[in-house]
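Each protein sequence line maps, in turn, to chains A and B.
So for the first sequence, the numbering used here puts the first residue at 1; every next one is plus one.
So for the second sequence, the numbering used here puts the first residue at 159; every next one is plus one.
Check before you lean on any hint, since a few could be wrong.
[Said to hold, decoys possible] Examples of chain B residues toward chain A, derived with CB under 8 Å:
1) Leu225
2) Lys226
3) Arg274
4) Val291
Hints listed in this document are in silico derivations from the structure and should not be mistaken for laboratory results.
Just so you know, even glycine gets a beta-carbon here, dropped at the ideal spot from N, CA and C.
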Amino acid sequence: MLRSQLRRQSDTTASGAIAARVQSMVVFSVAGKRLAARTEEIGGVLPWPGTMPVPSDTPFVTSLVRHEESCLPVFDLAAKFKCSVREEESLCLIVKHVDGPLAICIDARVPSMHVVPRSEVQYQSGLDPDIAGSCVAGDEQLPLINLATLGVASPRPA
Amino acid sequence: MSLRGQRVVTISSGQAVRFLVTLMGGSSVAFPAQWVRGIVLPASAGPDGRATWAGMEYERTDLFTRLKLKSEGLSPDTRLILYGNEERSRSFAVDKVLGLLDVERALIRPLPPQFRGKERERILGFFVAPSSVALIANPFWVLDLPHRLHALEMFAIRIAEGMSGENDSRLHLPVAGLDEPVEPCELSVEGHHAT
Chain A
1 MLRSQLRRQS DTTASGAIAA RVQSMVVFSV AGKRLAARTE EIGGVLPWPG TMPVPSDTPF
61 VTSLVRHEES CLPVFDLAAK FKCSVREEES LCLIVKHVDG PLAICIDARV PSMHVVPRSE
121 VQYQSGLDPD IAGSCVAGDE QLPLINLATL GVASPRPA
Chain B
159 MSLRGQRVVT ISSGQAVRFL VTLMGGSSVA FPAQWVRGIV LPASAGPDGR ATWAGMEYER
219 TDLFTRLKLK SEGLSPDTRL ILYGNEERSR SFAVDKVLGL LDVERALIRP LPPQFRGKER
279 ERILGFFVAP SSVALIANPF WVLDLPHRLH ALEMFAIRIA EGMSGENDSR LHLPVAGLDE
339 PVEPCELSVE GHHAT
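Let the sequences and hints guide you as you build the complete structure.
Here it is, written out as structure tokens:
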């Protein structure tokens, strides 16, 4: 019994050690721009439902999409990168945002999951608070985007 | 004339808010209906933009510009909404009047917190209608009145008892479906008539 307990403890420690050494990432693209994001910040991927515009002053948050019984705000990541996405050929990435679920319109190419060694993730604080740094996923060097806090650093109204 | 395609909206709880739902620049915009004093043709306004109705003058406000929406231009569907309370009144144009809708209070959602700009003063929230999402214009902002917290609460009506949250004249109009067309209509408000 003690031996099995020890084995379990050792397995847990081993999986914890592996988890500490790797980071699960999702790679997707917005208007052709490839991006990586931490898997735990993503709530799902759906067909793009089409937007309902909201006359908004908040940078890049200018519409709603219908989701289940309600609506989600949309963060226009393409506009942030000064490009545009063809909505009719898009997917909806649901983000677990700190302020509540958020939708992002991404390219129709289905996002891929990657397990990235932490040594391949470089965190750096640059000019853009929405970009955490970069990582290497599937042989690509990609910007790592902070989905959970997207837009939070943009100016708040007085 | 009357609103066409009338239907009963199921209310499962006691409280609802009655909205006049309009189209503005392709967006559905809803206004608490208790302050709607009339719906008139654009030609009813004078050269200075003011509309006079039942001895009351309605100064024009350009809600398209204020809401940063683009009007679809003057069309046979364009209407002027006469809107006011005992303190202030305004008239404003909409591209089309869709109808009246009673929306259960619980189905009215606030604007998500990701909207962090001045839009929070202009739009109180939204509700999901069968074929669209309607944004709720803040009636206090529409009339340039000081903002109030929980502004919608004063417009809540108890459907079962036919009681309103405030002592105000109420529209005597049947409830119409959102997705059904509306003919040019006549509104009858206690003591007033508008064509």
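The hints, checked one at a time:
Annotation: interface hint on B:Leu225 holds; nearest CB of chain A at approximately 5 Å, less than 8 Å. Using the Cβ-Cβ criterion of 8 Å, the hint placing B:Lys226 at the interface with chain A is satisfied: the shortest such distance is roughly 4 Å. Because the closest C-beta pair between B:Arg274 and chain A is about 5 Å apart, less than 8 Å, the hint holds. About 4 Å separates the beta-carbon of B:Val291 from the nearest beta-carbon of chain A, less than 8 Å, and the hint is met.
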